[in-house]
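Residues per chain, in single letters:
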Amino acid sequence: MKSKDYLDELEAEAIYILREVAGQFDRPALLFSGGKDSICLVHLAIKAFRPGKFPFPLVHVDTGHNFEEAIIYRDNLAKQLNETLIVRYVEDTIKAKKLQDGKGKFPSRNGLQTYTLLDVIEEFEFDACIGGARRDEEKARAKERIFSVRDEFGQWDPKMQRPELWNIYNGKINKGENVRVFPISNWTELDVWNYIKREKIELPSIYFTHERECILTENGQLMNTNEFVILEEKDVIVKRNVRYRTVGDMTCTAAVESEAYTVEDIITELKDAKISERGATRMDDRVSEAAMEDRKKRGYF
Amino acid sequence: MELLRFFTAGNVDDGKSTLIGRLLYDSNSISTDIIETLTRQSKTTGINTDIDLALLTDGLRAEREQGITIDVAYKYFSTDKRKFIIADTPGHIQYTRNMFTGASNANLAIILVDARNGITDQTKRHTIISAILGIPHVLVCINKMDLVDYSEQNYKQIEADYLTFAKQLTLKNISFVPASALAGDNVVNKSKKMPWYNGKPLLEFLETIEITKTTQTDISRFQVQYVIRPQTDELHDYRGFAGRVVSGSYKKGQRVTVLPSGIETTIDKIEVNQQEVEVAETNTPVVLHIKDDVDISRGNSIVPTKHLPKTEKEVTATICWMDNAAYIPGQKILLQQNSFRTKAIVKQVISKIDIHSFTQLESDGAMKLNDICKVLIKTAEPISFDSYTDNRNSGSFILINENTNNTVAAGTID
Numbered sequence: 003m004k005s006k007d008y009l010d011e012l013e014a015e016a017i018y019i020l021r022e023v024a025g026q027f028d029r030p031a032l033l034f035s036g037g038k039d040s041i042c043l044v045h046l047a048i049k050a051f052r053p054g055k056f057p058f059p060l061v062h063v064d065t066g067h068n069f070e071e072a073i074i075y076r077d078n079l080a081k082q083l084n085e086t087l088i089v090r091y092v093e094d095t096i097k098a099k100k101l102q103d104g105k106g107k108f109p110s111r112n113g114l115q116t117y118t119l120l121d122v123i124e125e126f127e128f129d130a131c132i133g134g135a136r137r138d139e140e141k142a143r144a145k146e147r148i149f150s151v152r153d154e155f156g157q158w159d160p161k162m163q164r165p166e167l168w169n170i171y172n173g174k175i176n177k178g179e180n181v182r183v184f185p186i187s188n189w190t191e192l193d194v195w196n197y198i199k200r201e202k203i204e205l206p207s208i209y210f211t212h213e214r215e216c217i218l219t220e221n222g223q224l225m226n227t228n229e230f231v232i233l234e235e236k237d238v239i240v241k242r243n244v245r246y247r248t249v250g251d252m253t254c255t256a257a258v259e260s261e262a263y264t265v266e267d268i269i270t271e272l273k274d275a276k277i278s279e280r281g282a283t284r285m286d287d288r289v290s291e292a293a294m295e296d297r298k299k300r301g302y303f
Numbered sequence: 004m005e006l007l008r009f010f011t012a013g014n015v016d017d018g019k020s021t022l023i024g025r026l027l028y029d030s031n032s033i034s035t036d037i038i039e040t041l042t043r044q045s046k047t048t049g050i051n052t053d054i055d056l057a058l059l060t061d062g063l064r065a066e067r068e069q070g071i072t073i074d075v076a077y078k079y080f081s082t083d084k085r086k087f088i089i090a091d092t093p094g095h096i097q098y099t100r101n102m103f104t105g106a107s108n109a110n111l112a113i114i115l116v117d118a119r120n121g122i123t124d125q126t127k128r129h130t131i132i133s134a135i136l137g138i139p140h141v142l143v144c145i146n147k148m149d150l151v152d153y154s155e156q157n158y159k160q161i162e163a164d165y166l167t168f169a170k171q172l173t174l175k176n177i178s179f180v181p182a183s184a185l186a187g188d189n190v191v192n193k194s195k196k197m198p199w200y201n202g203k204p205l206l207e208f209l210e211t212i213e214i215t216k217t218t219q220t221d222i223s224r225f226q227v228q229y230v231i232r233p234q235t236d237e238l239h240d241y242r243g244f245a246g247r248v249v250s251g252s253y254k255k256g257q258r259v260t261v262l263p264s265g266i267e268t269t270i271d272k273i274e275v276n277q278q279e280v281e282v283a284e285t286n287t288p289v290v291l292h293i294k295d296d297v298d299i300s301r302g303n304s305i306v307p308t309k310h311l312p313k314t315e316k317e318v319t320a321t322i323c324w325m326d327n328a329a330y331i332p333g334q335k336i337l338l339q340q341n342s343f344r345t346k347a348i349v350k351q352v353i354s355k356i357d358i359h360s361f362t363q364l365e366s367d368g369a370m371k372l373n374d375i376c377k378v379l380i381k382t383a384e385p386i387s388f389d390s391y392t393d394n395r396n397s398g399s400f401i402l403i404n405e406n407t408n409n410t411v412a413a414g415t416i417d
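Chains B and D, in that order, give the protein sequences. In this text, residue positions in the first sequence follow our numbering: the first is 3, and each later residue adds one. In this text, residue positions in the second sequence follow our numbering: the first is 4, and each later residue adds one.
It is possible that part of the hints are untrue.
Claimed, not checked - Derived coverage of chain B by chain D (criterion: at least 3 residues anywhere in the stretch with Cβ under 8 Å from a Cβ of chain D; other residues may be distant):
no. : stretch
1   : 20-31
2   : 167-180
3   : 203-209
4   : 215-227
Hints listed in this document are in silico derivations from the structure and should not be mistaken for laboratory results. The beta carbon of each residue, even a glycine, is placed where N, CA and C say it ideally should be.
Take the sequences, apply the hints, and build the full model.
Structure, rendered in structure tokens:
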């Protein structure tokens with residue numbers, strides 16, 4: 003028998019994990035952001051469960067700082083697949099809980115998402131939330147299990163993780179706790195793109211090159227000008243051909259200069275890229291060495 | 004391109020994290036922003052004038068503070084030849100359970116030995132765990148050769164000592180490489196300082212070693228994960244059993260038996276991604292349909308009638324106890340084998356294995372953290388299994404505490 007390609011192996015692993023979620027939990031949910039990783043998850047769910055319906059709704063925690071293209075894509079996808087989409091807004095959480103909205107020049111709501119996420123988990127009593135996080139993204143993520151148990155407060159305790167052996171996933175929890183499940187833990191950014199190419203998966207247009215007006219920050223990042231960012235006189239505004247490597251909160255996600263029109267172009271660019279995905283695009287992880295670990299402990303993905 | 008999963012075992016003191024850092028660094032797998040961060044951090048810790056490659060893998064705050072690895076970290080890199088997943092596992096005895104986690108899916112073990120110290124208790128423990136988990140390849144990396152003047156005699160002595168120890172174990176393929184992770188000798192590039200060594204540098208081993216199947220048999224195994232029943236008008240009678248072909252292959256028209264019920268039936272249809280196929284090979288996610296209207300649910304096995312696994316309510320197994328709370332035989336517990344879960348009790352702890360000498364000790368009855376024991380387990384429902392040596396998948400299980408829900412033991416069936 004000829005040896006299988008590693009993409010087949012990664013795909014089989016992810017489908018196996020998705021089916022374990024369906025088999026072990028009463029009220030799972032798939033966290034869908036409109037980004038490439040969660041789009042791949044939806045594609046994998048089709049392979050895992052069709053011709054049946056998904057055994058979970060798609061849930062989006064909307065920061066209100068999203069790229070319009072991602073939102074349109076999200077709504078179309080849910081409609082086209084005839085699957086349930088639940089959207090909850092960070093804006094509503096801020097009002098209801100009288101939270102302090104993001105401040106400063108780039109007022110990110112990335113940290114505030116956690117509140118809305120924990121609320122939606124409570125509202126629907128979700129016992130498992132499937133997410134598209136990958137271990138190659140960040141070093142705290144590199145430590146996390148595929149079935150990652152969170153306590154009633156949504157917190158991650160990195161020193162008390164359950165052993166996770168072979169392909170045996172222990173999803174047993176007490177009421178009020180939940181499990182975060184990461185089926186594509188073992189995929190790298192390049193694997194995701196190779197998979198998108200192989201499976202011919204469609205993506206929101208912001209992943210491909212387009213001309214955009216940006217603020218060129220002091221450390222060389224290209225930040226989108228939008229209604230949430232506070233423009234100042236001294237800002238250097240440039241027009242560049244850019245694309246996005248991740249689709250997050252617009253205020254803290256930087257664009258990268260690119261001439262990639264197709265998925266193939268992106269793969270070529272990534273092979274030559276010298277900067278990591280989060281390093282290139284996320285301002286929020288630059289705060290400290292343990293920024294991600296700390297956010298995860300509070301309930302973030 | 005093929006995928007090789009391997010794990011590294013050894014202390015930070017043996018240069019384990021530095022070795023991984025070296026592999027990633029010399030194979031150009033680290034981005035410039037991460038190197039910048041590391042350079043900044045290395046200056047803070049002040050260990051090295053250069054960059055401290057170990058900081059690449061120790062991802063938790065507590066690990067960086069204490070300079071040790073507590074939990075498994077997964078790292079990814081690829082070369083032109085292969086794609087690799089590294090599970091960087093902790094070496095300290097109190098984190099043995101995390102080492103099991105990282106090692107359980109691996110095809111190869113890299114066991115680090117400090118050339119100055121030779122074989123230690125820890126080397127023996129890591130080797131025994133590799134043997135219990137049936138890791139197909141063990142690569143002993145004799146590191147810090149720079150600190151023993153690249154001495155061939157030194158290397159030969161350690162090699163001989165290791166082989167003497169390993170003789171009593173069941174390890175199949177053992178290789179040795181003399182290296183210095185810090186100086187970059189024989190990791191990615193062949194060292195000029197050890198002309199007496201004719202073998203491959205470490206990376207070349209990883210690129211060329213044959214990826215052995217973790218199941219030794221081609222006998223077909225399948226367990227139901229989830230039943231797909233759309234219950235729509237046009238798919239009113241659709242009832243498909245979703246799962247993964249664990250080993251062997253399944254064919255349309257094949258005679259199969261459903262376990263534990265023992266009912267015989269025939270495979271009517273096999274679907275892969277909604278397409279009908281005639282044959283489904285190992286590791287393919289499939290949906291099986293069967294001819295007769297048989298009661299089948301999650302955790303049931305569908306296996307070829309000609310080659311049945313054992314189906315019993317008692318198994319003997321080797322287990323590693325992983326919980327801080329000790330276990331007294333007779334306490335109720337849950338056993339999970341892939342998607343099959345049943346209540347169980349450990350009836351008897353037959354013997355304990357001394358993790359440093361591999362001798363069997365008389366059991367005092369209880370099992371404590373990191374104990375490796377031969378046990379007799381009784382299950383409430385019959386379990387269908389193969390021996391772990393024959394099939395890693397149908398021969399392995401975990402034990403779960405019913406109150407805390409924690410995974411408290413890992414077991415391999417005799």
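Structure-based check of each hint:
{"no.": "1", "hint": "20-31", "result": "holds (count 4)"}
{"no.": "2", "hint": "167-180", "result": "holds (count 8)"}
{"no.": "3", "hint": "203-209", "result": "violated (count 0)"}
{"no.": "4", "hint": "215-227", "result": "violated (count 0)"}
Hint violations for this structure: numbers 3 and 4, all remaining hints satisfied.
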